[in-house]
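Residue numbers (this note's numbering): 1 to 305.
If you're looking for bench data, these hints aren't it; they were derived computationally from the structure.
Worth double-checking, as some hints may not be accurate.
Said to hold, decoys possible - If you anchor each label on the Cβ, the simulated ranges turn out as follows:
1) E57 x T228: 19 to 27 Å
2) R4 x R102: 38 to 46 Å
3) A83 x D126: 46 to 54 Å
4) G260 x G305: 47 to 55 Å
5) N226 x E284: 34 to 42 Å
6) G86 x V198: 38 to 46 Å
None of these values were measured; they are calculated from a predicted model.
Backbone N, C-alpha and C define an ideal beta-carbon position, used for all residues, glycine too.
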Amino acid sequence: MTNRVQDLLGVEYPVVQAPMTYIARAELAAAVSEGGGLGMIETLTDEGRADLLRVRELTDRPVAANLMIQGWKRDPSIVDVLASAGVRHVFTSAGDPALFTRRLHDAGMTVVHVIGSLKGALKAADAGVDALVVEGVEGGGFKSSLGASTMVLLPLVAERVDLPLICAGGICDARSAAAAVVLGAEGLQMGTRMLASVEALVHANFKDAIVAADDAGTVLLDVPGNPTMRVLRTGLAARIGDHDPTAQLLGRITDLYFGGDLDASVANTGQVSSRITDLQPAAEIVRRTWGEIQAVLDETRTRLG
Numbered sequence: 001m002t003n004r005v006q007d008l009l010g011v012e013y014p015v016v017q018a019p020m021t022y023i024a025r026a027e028l029a030a031a032v033s034e035g036g037g038l039g040m041i042e043t044l045t046d047e048g049r050a051d052l053l054r055v056r057e058l059t060d061r062p063v064a065a066n067l068m069i070q071g072w073k074r075d076p077s078i079v080d081v082l083a084s085a086g087v088r089h090v091f092t093s094a095g096d097p098a099l100f101t102r103r104l105h106d107a108g109m110t111v112v113h114v115i116g117s118l119k120g121a122l123k124a125a126d127a128g129v130d131a132l133v134v135e136g137v138e139g140g141g142f143k144s145s146l147g148a149s150t151m152v153l154l155p156l157v158a159e160r161v162d163l164p165l166i167c168a169g170g171i172c173d174a175r176s177a178a179a180a181v182v183l184g185a186e187g188l189q190m191g192t193r194m195l196a197s198v199e200a201l202v203h204a205n206f207k208d209a210i211v212a213a214d215d216a217g218t219v220l221l222d223v224p225g226n227p228t229m230r231v232l233r234t235g236l237a238a239r240i241g242d243h244d245p246t247a248q249l250l251g252r253i254t255d256l257y258f259g260g261d262l263d264a265s266v267a268n269t270g271q272v273s274s275r276i277t278d279l280q281p282a283a284e285i286v287r288r289t290w291g292e293i294q295a296v297l298d299e300t301r302t303r304l305g
């Protein structure tokens with residue numbers, strides 16, 4: 001049997017790799033899709049857009065694309081770019097889904113919108129999206145300082161919106177996946193767990209910092225003039241979080257991601273880093289995260305007596 005997310009995305013496992021700018025590239029996306037999940041290609045960079053085509057050299061399974069609406073709303077031709085690359089699933093974020101949903105549907109694509117609030121979920125449903133990614137504030141990356149955690153937000157949205165829901169924020173294994181399913185999700189999206197995969201092309205220093213992080217290993221940075229972000233609390237981010245007057249938010253993110261310089265910028269990372277203790281192949285992450293949910297639920301039932 002399959003659920004609505006599996007049917008919508010055409011995947012064996014309803015496990016989605018998060019659309020991380022600079023990082024959501026062909027190698028990682030293909031590994032996730034080959035493992036039965038849904039890989040994702042970011043489209044903000046030229047390299048990412050080129051990978052919409054290059055990923056087809058690595059897998060013939062479904063691969064999605066991310067569309068950050070704020071970045072593309074002045075250039076509707078992005079829909080043509082996606083269509084020419086054969087993209088069938090688009091995950092929209094960071095903007096009003098009404099701006100692109102109809103155009104994407106007219107081009108034959110399914111639209112999944114990322115939300116961080118009940119208000120955003122209701123607005124996306126009204127825009128006609130096909131599914132939602134419900135992302136709690138513990139997830140990495142851009143966040144609202146007023147955002148709710150997955151434990152609160154996911155059931156709140158599930159009670160009010162009759163769309164397939166994909167949970168993001170705090171997911172890294174079957175135990176957290178089982179909790180998400182109980183709270184109303186039919187699929188999962190993982191970013192930090194996929195960063196700590198064999199196929200992610202980020203520098204070993206970044207991966208090692210994720211594996212080493214404890215439950216105080218991330219910080220929600222709110223630097224004036226910049227969006228609120230949850231980032232790994234190390235290097236530059238640790239100094240900013242500790243109000244070091246000499247620390248300034250720099251933009252050399254690629255030096256951190258691919259050069260391993262943790263003082264070059266700040267690294268979008270979720271709180272779930274504290275539960276990640278090793279690097280695994282992406283396909284293994286996909287298979288075990290969804291495939292072992294039933295065992296976790298059976299164990300829970302035994303504890304309940």
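Exercise for the section: Could you work out which earlier hints the structure fails to respect and list their numbers in ascending sequence? Expected result: Of the numbered hints given earlier, those the structure breaks are 1, 2, 3 and 6, listed in rising order.
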